[in-house]
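J.: One-letter residues, chain by chain:
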Amino acid sequence: MTETTVSRESFSAHIWRKTLDGVGVKVGLAWIALLVFAAVFAPFLANSMPLLISKDGIISAPVLRYLSVEDAWVLATFFIALAVYRLRLGSGKRILLFLLGSAVAALLVNMFLKPPVLVIYDDFRTITYTDVDWRIMPPIPYAPTDYLRDLGSKGLEAPFKTEGHTHLMGTEENGADVLSRMIHACRISLSIGLIASGIALFIGVIVGGLMGYFSGIVDMLGMRLVEIFEDIPTLFLLLTFVAFFGRSLYMMMVIIGITGWSGYARYVRQEFLKLRKQDYVQAAVASGLPLSSILFRHMLPNGVAPLLVAVSFGVAGAILSEATLSFLGLGVVDAPSWGQMLDQAVKSSTFNWWMAAFPGGAIFMTVFSYNLIGEAFRDAIDPQLSRKAGVN
Amino acid sequence: MLTYLLRRLLLMIPTLLGITILVFTVMAMSPGGISAQTLIGGTDMKPQEKQALLNYYNKRYGLDKPAPVQYLRWLNNVSPIGFTIDEQGNRGEFSFSKGMDLGTSFQYGRPVSDILAERIPITLLLNLVTIPFTYLIAIFVGMKSAANRGGSFDVGMGMSMLALWSIPTMLAGVLLLGFFGNVQHFQWFPTAGISSREAQDMPFLPHWEQTGFVRGFLLDRVWHLILPVICLSYGSFAALAKLTRTSILENLNSDYARTARAKGLAEHDVLWRHVFRNSLLPLITISAGLLPSLLAGSLIVENIFSINGMGQLAVEAVKGRDRELVLSITWVSGFLTLIGYLIADFCYTLADPRVSYD
Numbered sequence: 001m002t003e004t005t006v007s008r009e010s011f012s013a014h015i016w017r018k019t020l021d022g023v024g025v026k027v028g029l030a031w032i033a034l035l036v037f038a039a040v041f042a043p044f045l046a047n048s049m050p051l052l053i054s055k056d057g058i059i060s061a062p063v064l065r066y067l068s069v070e071d072a073w074v075l076a077t078f079f080i081a082l083a084v085y086r087l088r089l090g091s092g093k094r095i096l097l098f099l100l101g102s103a104v105a106a107l108l109v110n111m112f113l114k115p116p117v118l119v120i121y122d123d124f125r126t127i128t129y130t131d132v133d134w135r136i137m138p139p140i141p142y143a144p145t146d147y148l149r150d151l152g153s154k155g156l157e158a159p160f161k162t163e164g165h166t167h168l169m170g171t172e173e174n175g176a177d178v179l180s181r182m183i184h185a186c187r188i189s190l191s192i193g194l195i196a197s198g199i200a201l202f203i204g205v206i207v208g209g210l211m212g213y214f215s216g217i218v219d220m221l222g223m224r225l226v227e228i229f230e231d232i233p234t235l236f237l238l239l240t241f242v243a244f245f246g247r248s249l250y251m252m253m254v255i256i257g258i259t260g261w262s263g264y265a266r267y268v269r270q271e272f273l274k275l276r277k278q279d280y281v282q283a284a285v286a287s288g289l290p291l292s293s294i295l296f297r298h299m300l301p302n303g304v305a306p307l308l309v310a311v312s313f314g315v316a317g318a319i320l321s322e323a324t325l326s327f328l329g330l331g332v333v334d335a336p337s338w339g340q341m342l343d344q345a346v347k348s349s350t351f352n353w354w355m356a357a358f359p360g361g362a363i364f365m366t367v368f369s370y371n372l373i374g375e376a377f378r379d380a381i382d383p384q385l386s387r388k389a390g391v392n
Numbered sequence: 001m002l003t004y005l006l007r008r009l010l011l012m013i014p015t016l017l018g019i020t021i022l023v024f025t026v027m028a029m030s031p032g033g034i035s036a037q038t039l040i041g042g043t044d045m046k047p048q049e050k051q052a053l054l055n056y057y058n059k060r061y062g063l064d065k066p067a068p069v070q071y072l073r074w075l076n077n078v079s080p081i082g083f084t085i086d087e088q089g090n091r092g093e094f095s096f097s098k099g100m101d102l103g104t105s106f107q108y109g110r111p112v113s114d115i116l117a118e119r120i121p122i123t124l125l126l127n128l129v130t131i132p133f134t135y136l137i138a139i140f141v142g143m144k145s146a147a148n149r150g151g152s153f154d155v156g157m158g159m160s161m162l163a164l165w166s167i168p169t170m171l172a173g174v175l176l177l178g179f180f181g182n183v184q185h186f187q188w189f190p191t192a193g194i195s196s197r198e199a200q201d202m203p204f205l206p207h208w209e210q211t212g213f214v215r216g217f218l219l220d221r222v223w224h225l226i227l228p229v230i231c232l233s234y235g236s237f238a239a240l241a242k243l244t245r246t247s248i249l250e251n252l253n254s255d256y257a258r259t260a261r262a263k264g265l266a267e268h269d270v271l272w273r274h275v276f277r278n279s280l281l282p283l284i285t286i287s288a289g290l291l292p293s294l295l296a297g298s299l300i301v302e303n304i305f306s307i308n309g310m311g312q313l314a315v316e317a318v319k320g321r322d323r324e325l326v327l328s329i330t331w332v333s334g335f336l337t338l339i340g341y342l343i344a345d346f347c348y349t350l351a352d353p354r355v356s357y358d
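These protein sequence lines map, in sequence, to chains S and B. First residue of the first sequence: 1, per our numbering; consecutive thereafter. First residue of the second sequence: 1, per our numbering; consecutive thereafter.
Treat the hints as calculated values from the structure; they're not laboratory data. Treat the hints with care, since some could be wrong.
Partial selection, computed: residues in chain B whose CB lies under 8 Å from chain S [to be verified]:
hint	residue
1	THR15
2	ILE19
3	PRO47
4	THR330
These numbers come from a predicted model, not from an experiment. For each residue, glycine too, the CB sits at the ideal point set by N, CA and C.
When you get a sec, could you build the whole thing from the sequences and use the hints?
T.: Structure, rendered in structure tokens:
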């Protein structure tokens, strides 16, 4: 007699386990983890100032003194996220706690952190900072906006070709270190990817949910709206938005979000059209629950699985959008971003492969990782589909 | 069929209206509105000149009126039927034969329709060369991977297609241009444009002359198009190849394929004569979505390879905040996309007699 075992694994745990099965997804997650690490600890990884120095017996940390408000907030948020993840709470409470924590952190950091307004990187190479008992420098001892004038940097130096100072990935036209710029640009790519697709998801779920739930005339009008957004090439719409509005990072997030929701709306609509006549939805309607509760508490959790697949592809798309905009010269101006570095490579008078290959490679790896994760996710969620596709 | 066609064409109108309203709203909501954005340039003009220009614009485009009125005015100018407007900007009577007036580009000072007539064929050429190329490779790779499913070719291709799909077009373009077009490395291909200047004087076909080989207009064009077409195509054929594979596998396991095998057909015949045609259906459906993505792709590719097509025009128009040009490009590209959907639906009936739209 065969013994039947009852699996006590929850649905989400099951999906997780199956998603993590493949090799590709592990590579993808590892790359994303690396990016997160680089984004959070950027000022400690690539900076011109020493991490720690000991001078005349007094130990000080110049990096901490020069830490910008943004750097500090990112660090704080990262540790809050870690702490919240360790807590044993429901996921809703965790998210709430995390948001609250990061808001408090933003407030505190803004109130108490007063970094020096002017940073002169040359100073850190003068005798005040070099003539010390001992000092620890970051792994990449160049800040992204340190143009190494005092070292006589001519710019456009190939990797390892420089004398006196090594650049693992060469330097750009102005003489700043390419790797350092890339590390600091991780932040833009990651945050745009997540927040822009978050905004898109939010709009898409609401519009798609209403369309699917009400169907009929709302559905028809909604579909026209979706079609309008789909028929303009997204890139062109993005360009128009960016050109006619500002170019700040936050504006870009909002804009990429606003232009990218139509796919999600389609997904949600399809799921909700299927669900709306189900008994439990009818029961929810009959018991007089408010609309938001029916839509988001009862229906959404049942239609969320395929949406998550779309999100992970959507993050890849958002990162690509930002890179493309920056590449076309319509991106964020004051901070380095991968697309902008690629643009620099084209604009410079000669072709310098290291300026194109490394930032471009980073964009590629990130997009590839998200695609790999999305693919694995889809196969785990929809075994029937993947069997058809001949995956297993 | 005719009624279906008519209905589809009529349904395009609200969508096109929506597209232009959307883009117009974006422009109108921008800081300062359209009027300020348009008048940003010309700082070197004398005050009276600037005032004259402003008066001219106000009269011509009604820039001093509220945004909805401006939009209606623009719409009236563009639509083939509407009110006639005289030189003074006064509204005449309703006419059915007044013709379309796309306006004059602020930036180039030329009629928008002339500029578009110059640029659209170039982008269409680029895309029409790319599509068959894309499909050929996609079908070949998809068939091969489906035929030896689980084999090394299949697994390798599956991975590399996802990788290809993830390569940003701009990276591919920059690297290809840098390595194959640049003097510093292999200078095999031209770096800019879609034909050389001397190609205008060449005969169409390549031939031999006393002085040596003359590549002719055609070969020159092909030579210029190779790199841009590679850039445009790899992303879509990667996606299409995956789709082809899925679709063929699905059909290979279906009942009719089993019947065909049971009656003793060779595997080759089963694949090519029975399964292949049925597997085409999703490929045709996806072809509709391909056109917008190609148009968007040509935006980047044309910028990298300095090709004077719609894509480059779009970037220039948007950067120059050229209202007339931006609006026209918007609805023209929307229109092309919708036509693409329509053609895809027609091809669907050709490939599958079961589908009919009556």
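J.: Compare the structure with each hint and give your call.
T.: Going through the hints against the structure:
1. THR15: 5 Å, holds
2. ILE19: 5 Å, holds
3. PRO47: The hint is violated - B/PRO47 has no Cβ within 8 Å of chain S, the shortest such distance being about 26 Å.
4. THR330: 6 Å, holds
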